[in-house]
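Participant: Those sequence lines, one after another, are chains A and B. For the first sequence, this note's numbering assigns the number 14 to the initial residue and increments by one for each residue that follows. For the second sequence, this note's numbering assigns the number 359 to the initial residue and increments by one for each residue that follows.
No lab work stands behind these hints, which were simulated from the structure alone. All values reported here derive from a predicted model rather than from experimental measurement. Glycine is no exception: its CB is placed at the ideal position from the N, C-alpha and C atoms. Wrong hints could be hidden among the right ones.
To be verified - Some chain A residues near chain B, calculated using beta-carbon distances under 10 Å:
{"#": "1", "residue": "MET133"}
{"#": "2", "residue": "LEU136"}
{"#": "3", "residue": "MET167"}
{"#": "4", "residue": "ILE304"}
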Amino acid sequence: MKKSLLGALLALTLGGVVSVLVSSNTLLSLLTQAIIYAVFALGVGVLLKQNGMVSFGHALFFGGASYLIGVLLQMQRIPAEWVIVLALLTITLAAFLIGLVIVRVPGVAFGMLTLAIGQMFFLTASRARGLTGGADGMNIEWPSHLFGVSMSQMLKPASMFLTCWTTLVVVMLLLAWLMSTRFGSLTEAVRDNEERARFIGIRTLLPRAAVYALSALVTGVAGVLSALNTGFVSPESLHWSLSGVALMMVVVGGFKALWGPAAGAVVYFLFKEILGEHATHWMTIFGITLIAVIVFSPTGVAGLFERWVLGKKPSVKVGGH
Amino acid sequence: MLTINLFNGLVYGALLIVMCSGLALIYGLRRVVNFAHGSLYMMGAYIGYSISLQSNFWVALVAAPAVMAVFGVLLDRYGFRLLQDRDPLTVVLVTFGLLLVIEDSVQTYWGKSNLSVPVPEALAFSVDLLGTPVPAYRLSVIVIGAAVALGLSLWLRYSKVGLFVRAASTDPVTTSMQGVNTDFLSAGVVGLGTALAGLAGVVAAPFLSLSPSMSADVIIDSFVVVVIGGLGSLAGAFIAALVLGMVQAIGAVYLPDAAVLLPFVFMIAILIWKPSGFAGSRT
């Protein structure tokens, strides 16, 4: 735990340094976007890491959080700070209830279920012009001040970057702490052998639904950051292809390590921005990389790093039986 | 008005039958939920387009599925076969990566704008169906769908290879112990499955234009069909495809908002209560 705290402090300092030194606003915005996606991927990764389940529908929580904020702010009854809290709470609760029903479904069927649920909400949002602005999306009307900081100050690229980076570090720290508690070991036991876990007296439904809700919460946080960053949300934020992109980041980065999904997000953005400059078919190369990673290094970039640089032994389990 | 809607529903249902039988076959033999199936459909359509530019539609109708069959055999030999001992989710993720590669490659090679394939002159007329004129080409799509359904059912039921396929879908290990070369068989069936996806693409091209979003448009519906019908069950897929086609066509006119959601509600219900679908695991 002390190591994690130290690491977190270092990361925060690094973030501060970057935000001061990097003067290019484009670069800062790009990094901010990458960080938001990293938080999104982190949510998907938590589900894969602790539950061994693959979700194709997490964009629901990402876009859902943004939409909730947009709708609640539109009503102009509740202060914005509480809107954020309320949106995240709603997402977590909804995910827990959904999770109670769907985590019982095994294997690929679970993935397809998440796909179907996600698409349902995508279609609903695309059509509910009155509430959500339909396929055009909706603007999110933030007030002039948030948590005491003025909006114009917060929206500056450097401060936006710092906000998102701090959120990422704090979320990772909290997750690392949570996974080191009994809850973490319990869910890992359930992931590896559900039947045996039940034999030793663990009730498997609640922990797994809780992890699902937790992963939804993390993804929702990414949605909040995105709502802050762009001030806009559209049904694309709910589409399964977005969930797919997040899943790709998790797989390429590696889900065994907590920082894997974040690494995957970085790789994705590197491909997109740097490779994308020179090759229009960067997605093909990314797809091939994805396949290569799955086949040759199922623990992803993070796993490779841990094996080559830190000399750890590999241990693989997707799904877990 | 109702006739033309029912008719269009049948047409889309027939298209789904051709596509989803491929998906069901691949699942049955290799236990792989092929996320790339929609992109294979797209690939078939675009290849068919290029071939029909060089010669004509009828050549494309035969050649494009043939090309896709070769692709499918290679996919099985160097993809699914090598990954068969891995966790099923791993293979699903690989098909997802394949989806990205195919979609992007198609876009790079053929461009992002919509392309159109003209209806072949032999079928560019109207037929009178119960008082409503319908395009003959669309009628032929229904015929093709019915032919595929009938052909596959008969082949599986009455031929020796069909028996091997059914056996390998049920228990690959025991089947190979009985002397059936399951690797060869799987390559063939996966090739057939991809060829069917390609055929659906070529057939769809004249009445649905070619666009980069083709694969995404159709993959979700395919999954809905295969899940509702029962993963691996062909008969279930046929029925579910027709039902879905009708629901969408009729619902689009009378109950647009509910109709789009209904297939998903159904799919979710089935996945929760009976993950093996309506027809179960019987072929």
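Participant: Which hints from the list above does the structure break, by number from lowest to highest?
Facilitator: Hint 3 contradicted; others consistent.
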